[in-house]
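For reference, the chains in residue letters:
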Amino acid sequence: MITDAMRERFAREVAKYPADQRQSAVIACLAIVQQQDGHVGADSERAVAEYLGMPPIAVHEVTTFYNMYNQQPVGRFKLNVCTNLPCRLRDGQLALDYLCRKLRVEEGGTTGDRLFTVQKAECLGACADAPVLLVNDLQMCSFMSRERLDALVEALRKQPK
Amino acid sequence: MLDLARFQSDGEATCFHGRHVGAQIYAGLDGANWRLADYRKRGGYEALRKVLQGMTPEQVIAEVKLSALRGRGGAGFPTGLKWSFMPRTPGQKYLVCNSDEGEPGTCKDRDILMFNPHIVIEGMAIAAYAMGISVGYNYIHGEIFEVYQRFEEALDEARAAGFLGARLLGSGFDFELHAVHGFGAYICGEETALLESLEGKKGQPRFKPPFPASYGLYGRPTTINNTETFAAVPWIITNGGEKYLAIGKPNNGGTKIFSVVGDVERPGNYEVPLGLPFAQLLELAGGVRGASKLKAVIPGGSSAPVLPAAVMMDTTMDYDAIAKAGSMLGSGAVIVMDETRCMVSSLLRLSYFYMHESCGQCTPCREGTGWLWRMVDRIEHGTGRFEDIELLNSVSDHIQGHTICALGDAAAMPVRAMIKHFRDEFVHHIEHKACLVGARA
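Going down the list, the sequences are from chains A and B.
One point on numbering: in this note's numbering, the residue at position 121 of the first sequence is 144, and numbering is uninterrupted.
One point on numbering: in this note's numbering, the residue at position 141 of the second sequence is 155, and numbering is uninterrupted.
One or more of the hints may lead you astray.
Here are some of the chain A residues that sit facing chain B, going by a computed Cβ distance under 7 Å [to be verified]:
id, residue
1, A72
2, E73
3, N90
4, R111
5, S165
Chain A stretches covered by chain B per the calculated footprint, using a threshold of three residues with CB under 8 Å from any CB of chain B [stated by the list, open to error]:
id, region
6, 49-63
7, 131-142
8, 146-156
9, 166-180
FYI, nobody ran anything at the bench for these hints, they're computed from the structure.
Where a beta carbon is used, it is the ideal one built from N, C-alpha and C, also for glycine.
With the hints as constraints, model all of the structure from the sequences given.
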C-alpha cells in the first residue's frame, strides 16, 4: 500500500533527476517502502514500477541485486552485524555469535516473537568503530561489546509499539 | 528514528582525537560545528568565491594539476588530468561524487560527510565550474543513512545561502547538487556500476572505453571523483597548488586520510601528509594492540595485496612508495594484523566477501571467486590438498585482467599476496590440518 506520505517522499526523490529519468529514483523509493512496510513485496514492486513508469521486472532486478532490501518480512528490529575482516579483527564475528546465542536465533533468522532478525553484513563503512551493527538499515551502533549489545537489546525491547 | 544515541559514535575516537598531522579536511572539527555558519567561520566558501570572481576554468584545472592531487578513492589517478578530459563543448554534463565507501577498512569519507559536509559541497561546486557542469550527484553508501540525511541538510543550507542553485554568488554560473543513496552493493563503488545504479538499475559495471568523460550518466560526459578528493580542492584553491604539493612528496601532493583499523590501540581516521613513514602512522594509532608484535598490514583496503611487517616498517605512506613495496595505497584503509592472526582464516573471510559481492556479469569473476572461496575454505578446515596452493594462483591468474571491472583483480590480488608472503601457513594447514599460529581469529 503506497500512502500519500510515501508518494510525497517519492516525489522528492524523482525531482532530483531529469524529467525523463524517473527510474533513477527506484532505489530510494524501494527504501521508503521498506521503511514503511518492513520489506518489499511483489505488490509494492508493481506499485513502484507503475509510479516510475518502468517494467515491474526491472524493479524486481533492483530489489534482488541490492543486499539491504528485505524480500521477506523480518523482525521489528533488523540487526546487521559486520563480520568482514577489519571488523573481525576486533571481534565482529564474536559479536554476531553472541547476539545469536543471546536471542536464540540462527544467523539470518528471526526470533519467535518477531522482535529481532539477526544477519551478518558485509562492510558497513564504519570499520574503526568495530564491532558495529546497523539497526533497521538506518542507525549505526558502534563499539558493540557484549555489555553494549546487552544494553541495546534491552533498550529495543523497551521501545513502545 | 529510535533513540539510540548512546550506542552511536560521536566521532571522538575516529576524528576528534587531536592526533592528525597538518590536517586540512578534518581541521578544527568537533562534531557540533558542521553547519554552514561554522564552516564559513573556518573560511569556508571563500575558495568558491575566489574562483567565481577571478579565475577561469582553465586556471582552476591548472592549479589542481600543479597540486599533484590524486584520486583518494582507490585508483590514485591525477585529478587535474581527469578534469581536463571533459569536453569543453556546451551541453549537459554531470559531476558525481563517489561516497559509496564500502572498501573494507575504510571509513574516512563518512567522517568528512558527517562532520564537514560543506567542504565537499564547496569542492564539487569548484569542480563543476572548472568543467562547465550544471548538475551533480553525491552517491552515498546506503549503510550510512544518517550521513545521507546530514548531507541533505547541508545541501538545504547551501541552497538557501546561494552557494548552490542558479547564478552562484551573483555570477553567471549555475550548479545544482543532489544527494543519493545506495542500498548495499559493494560493486557500486566502481564508477561505472555507480552510474548504472544512479540510472536506477542493477549496479553492473560498464565496459571501458568509452570512459565516463565521453559517455557517463545518461550517456552524457561525466566526471566522478571520491569524496576526499573533492574535499581537498578548496584548500588547493585558497593556498595554491604549489603549496599543496610541497606538503606531500613529488607526484603525491597534500594530506591523506588513513583509516587505521584492526589490531591497533586506537583505531580511527588519521589525516597526515602523504609520505609519512608507516611507523609514525602506526604510532599515531597507538601502536599494535596489547604490545603484540606486528605481523602484516593490508595498506590500502582489503583489495590491496598484504605486506609483511618488515616491508611495511620500511615504507612511507604515499602512492609511489606503497606501489614500490608491492601493494597499493588504494582507499587509504590500513588494516593492521598482529602476530596471532592466521592468514588462511583471514583470506577465507576476504574470499567470501568477493564471492558475495561479485555482480555476476563476467564468468571469470562470478565462477572464479567461488572457486577461490571453496579452496581456501577446505584448506582452512583441514581438507585441503598441496596442489590447491598452485590451483589458487592459477584461478587468480584466470580472473585477474579478464573481467570488465577491477573487482576480479581485487579478489585475485589478496590471494596471490597471502600465498606469496605466508605460504608456510597454507602448507601447515594442509599438512597438519591445523593452524600454524593457533590463531584466535
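(message) Taking the earlier hints as the rules, which of them does this structure contradict?
(response) Structure breaks hints 1, 2, 7.
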